[in-house]
Amino acid sequence: MSKKVRWGILSTANIGMAKVTPAIQKAANCEVVAIASRDLSKAQDAADKLGIAKAYGSYEELFADPEIDAIYNPLPNHLHVPMTLAATRAGKHVLCEKPIAITAAEAEELRQAPRDRIVMEAFMIRFHPQWQRARDIIRSGELGEVRAINAVFSYFNASPDNVRNQADIGGGGILDIGCYPVTTGRFLFESEPQRVVSLVERDPGFGTDRLASVMMDFGTGKRLTFSCSTQLAPHQRVQVFGTKGKLEIVIPYNAPPDERTAILIDTGSPIDGSLARREILPACDQYTEQAAAFARAVLGEEPLPYGIEDAIASMKVLDAIFASEKSGAWERV
1376 MSKKVRWGIL
1386 STANIGMAKV
1396 TPAIQKAANC
1406 EVVAIASRDL
1416 SKAQDAADKL
1426 GIAKAYGSYE
1436 ELFADPEIDA
1446 IYNPLPNHLH
1456 VPMTLAATRA
1466 GKHVLCEKPI
1476 AITAAEAEEL
1486 RQAPRDRIVM
1496 EAFMIRFHPQ
1506 WQRARDIIRS
1516 GELGEVRAIN
1526 AVFSYFNASP
1536 DNVRNQADIG
1546 GGGILDIGCY
1556 PVTTGRFLFE
1566 SEPQRVVSLV
1576 ERDPGFGTDR
1586 LASVMMDFGT
1596 GKRLTFSCST
1606 QLAPHQRVQV
1616 FGTKGKLEIV
1626 IPYNAPPDER
1636 TAILIDTGSP
1646 IDGSLARREI
1656 LPACDQYTEQ
1666 AAAFARAVLG
1676 EEPLPYGIED
1686 AIASMKVLDA
1696 IFASEKSGAW
1706 ERV
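Be aware that the sequence shown starts at 1376, since it is given in the working numbering, and climbs by one per residue.
Misleading hints may appear alongside valid ones.
Unchecked claim - In the DSSO-like style, the derived pairs of lysine-lysine whose C-alpha atoms are separated by at most 30 angstroms in a straight line are:
#, residue 1, residue 2
1, LYS1597, LYS1701
2, LYS1379, LYS1424
3, LYS1429, LYS1417
4, LYS1394, LYS1417
5, LYS1394, LYS1429
6, LYS1379, LYS1401
7, LYS1417, LYS1401
FYI, nobody ran anything at the bench for these hints, they're computed from the structure.
Sequences and hints are given; from them, build the entire structure.
Printed below as a string of structure tokens:
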């Protein structure tokens, strides 16, 4: 293998075209060599737009290319597991968009992947310096004992043609963006939730969850609450509360790749936050950092930080959220 990981892009999905593929191209240890679509003309158009050498009219042709080391899979949720498995069986490593599956049982099928192939769920936030800095502050004890996290993530999208509004292929806010607050708790508490309870409202036409409020109990007095919605004004925020102080990540999930980001640290005195310390983090493309870390693991330079078992653990939390929606009660994870 060369010193660069050679990537194939699976489909011309918007997130891949607009964000992830250009970010992979910026990573020093990555090279995007091919893109595939079930429509060859779409693949060729995408290849021309992004300066990619090869275009394929089927996913199978992409998997069969011996000059590709890794696949980026941004397909709709119901195709994440089958196409990821197909790619690994063709000898490719796979970076798969979140959520890695629709259910934990489906995610567990990924254990059938060849053991020498790397599979990682694409939670890019874990590679952004603002998140790593926030976790370092928590670890330092500056906030005291951290006991509560509050997160909000919302946007407005009522298009019936959008995959996020199609229930039969894994649409809805919980799988699309609720997975980020779940990752928030697991990343910052550095532990797994024990039980969850949820209140979910569904779109009467789409059948997808359009507003969800969730509480996650991590045990030992630690909890995370979050709300996510596909039909509210765009907003996102993460607040972390400890016995001595609080921390806020101002743009936690969609941090702009070319602008600095901010973390606020505050003791709560005065209560209006006017004396909060503001830490500025340099501009960073979190998708590039994610691709670079994945490539280092493929090249054997460092261990994969998050693999299949981590993705399954995340899906178990999401399963419990949906179970609580039906039962109206706390559900074990």
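Tested hints:
| no. | hint | result |
| --- | --- | --- |
| 1 | LYS1597 / LYS1701 | holds, 24 angstroms |
| 2 | LYS1379 / LYS1424 | holds, 22 angstroms |
| 3 | LYS1429 / LYS1417 | holds, 12 angstroms |
| 4 | LYS1394 / LYS1417 | holds, 18 angstroms |
| 5 | LYS1394 / LYS1429 | holds, 19 angstroms |
| 6 | LYS1379 / LYS1401 | holds, 12 angstroms |
| 7 | LYS1417 / LYS1401 | holds, 23 angstroms |
In the structure shown, no violation is registered for any of the earlier numbered hints.
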